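Novice: Each chain, letter by letter, is given below.
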Amino acid sequence: MRTLLNFNWVGVLDFLPQLGVGMLFTLLISVVGLLIGFVLGAIFGLARLSRFTLINWIATAYIEVVRGTPLLVQAIWLFFALPLIIQYTLPSVLAGIIVIGVNSGAYIAEIVRGAVQSIDKGQMEAGRSLGMNHHITMLKVIWPQAFKRMIPPLGNQFIISIKDTSLLSVILVPELLFQARTIASNHFNAVEIYTAVAICYLAITLTLSGVLRLTEKRLELQA
Amino acid sequence: MIIDIKDLHKSFGTNEVLTSIDLSVDDGEVVCVIGPSGSGKSTLLRCMNRLEEATSGEVVVDGHRLTDPKVKIDTMRAEIGMVFQQFNLFPHKTVIENIMLAPQMVRRLGAEKARERGRALLRKVGLSDKELEYPSRLSGGQQQRVAIARALAMEPKIMLFDEPTSALDPELVGEVLAVMKDLALEGMTMVVVTHEMGFAREVGDRLIFMDEGRIVEEGIPGDVFDHPQETRTQAFLDKIL
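Residue numbers (the numbering used here), protein chains in the order written: chain A, 1 to 223; chain B, 1 to 241.
Calculated directly from the structure, the hints in this document are not laboratory data. All figures in this text were calculated on a predicted structure; none of them were measured in a lab. Every residue gets a Cβ at the ideal spot worked out from N, C-alpha and C, and that includes glycine. You may find that some hints are simply not true.
Claimed, not checked - What the simulated footprint calls covered on chain B by chain A, stretch by stretch (three residues with Cβ under 8 Å from a Cβ of chain A suffice, anywhere in the stretch; the number is not a length):
| no. | segment |
| --- | --- |
| 1 | 79–85 |
| 2 | 150–159 |
| 3 | 197–207 |
Next comes chain B alone, as it looks inside the complex:
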């Protein structure tokens, strides 16, 4: 068990967006989180690397309590890659510099080592020829693949994906999902907040449906898609499928 969340609550002011969440993720597992917008799925994901602070409850990652104020949060985050909906590449740095920065700053890797690692990752995501481009010159799909490479450069144990294809033109979604699928096949532990039901069904080991800040239903993706147990899950799936 690499992520273990117990009775997690999160409020913004008086608005409770996560209510008593219990969730654990096993090493190597791919968990997809679906649900209507505002259901708290992104907030849940962001609690897993403490970009959002839990209001109460416990988040344990790789044996360390993230909810403990004394935890070395930067060290923890170095082990937890995150990919954002809006890519958030560093626009003033080239593609390779985007990837090299954190390994150099955090892992104290030398420039040449970092560059080698960056090149290997660019090959992996199919962007070897874009090494020296600035992000603004890339398509959304390419930017997101660079963002994945950037996160992987820290050699994380877990990858969190926050709607990684939601900001992409439809024809660019496939290339990003393909990279994510490869990653899943290599055994990466992944938590993926997504609207891509095909991906969730095909690649996910487990599917979680959230609504109004609660986990409503979870199970093997095929089962949940084909035989949802809860009426709210049913209603949501009817709307989108």
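Okay, chain A solo, but in the shape it has when bound:
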């Protein structure tokens, strides 16, 4: 049996540029995907609260379909199945961003809905009784308070989505795991490379956790 020290840990350094490229793609897809996810989440989360049945129904359908199917299946469907219908294959990075965006959007919609619903209904009544319309009250009174409550579950979702980008290696997105797999199959250094990859993910998620903690603390001080 080989001990941990028998592995060529220093050799990983040779592959840092390649892992760096992977890291950049992971970050690119995470950031852009989650931005899209947040916008979708805000729109569909508020749509879920709408009193118009059709809007409500569309939002519910979106959330249920996305939540009810695995992200891996969504990615494969978008990249391998959809082209057979529309006769066009999306670039894999774009497909990856769409999958992360649409997928996280469904979960974020539920986070948004929950946070908005958790605000005491006296707040809306106070705003409306002052003559402010529903939209202004939502924007100026409800949303800022709801947003504060969204931060912990949003952070949770961000971390989940960042890790989920690793699934995109199956649709050939050149992200971290994809790079690692390429390296490991050529150089037979799976232990070293996959350990390095795990550390890379941890570096991203720990940084995010720290940022979230600071944001929460800052908002806490405000009120």
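Since the structure of chain A is already known, use the hints to place chain B on it.
Specialist: Only chain B this time, still in chain A's reference frame:
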């Protein structure tokens, strides 16, 4: 006559909470509404700015039919201040921001104008030194006074008070009632749902006793308190006085 309510009914599902209410309030009048809990007095008040929709009947405020679905409800509400039992201040905004928000958003007042108005109102309710505090740092009595200032910042024609002192510690009730009394003396039209019988007797022009969704008795507060005509009024007053 600034508020005119005719044959108002309100049901929640099959439960009728207001039954055939007729009530009018004159300009400058202070009307206090008393009655046991569940008698419909808060619901009646909330029909006066349509926080509750009437099931049937008519609510006319300042010449506009609130019960007309086409009425510009936000414009109407801007003229009708409301003070809630639970204050409902905006916790993410400072005291002055709480007061400035609606004048800026609805009346299109500039920030400086709104701030000036807010400061004047804080002086009026005796909280000039709390301008930059967040509501959570204030006592209940102070919060309620800010809530009154916030409503007044819209320069409403009518003020509705929904049990404004019921959530307060007893020693804080007086400061809120004092502000309300000043307001009454300035000639503000007020409808006050309250359990403060002293206030109703001293400040009110008219007293309304409600029970089981109906107006049981109304009259000059002193008369109703001292010589109630209805047995239900008598029974209620015996219990609380």
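Novice: Indicate, hint by hint, whether the structure satisfies it.
Specialist: Here is how each hint holds up against the structure:
A stretch counts as covered by a chain when three or more of its residues have a beta carbon under 8 Å from one of that chain; for the segment 79–85 of chain B and chain A the count is 5, and the coverage holds. With 3 residues carrying a beta carbon less than 8 Å from a beta carbon of chain A, the segment 150–159 of chain B meets the three-residue requirement, and the given coverage holds. Given as covered by chain A, the segment 197–207 of chain B fails the check, having 0 residues with a CB less than 8 Å from a CB of that chain where 3 are the minimum.
Checked against the numbered hints above, the structure breaks only hint 3 and satisfies the rest.
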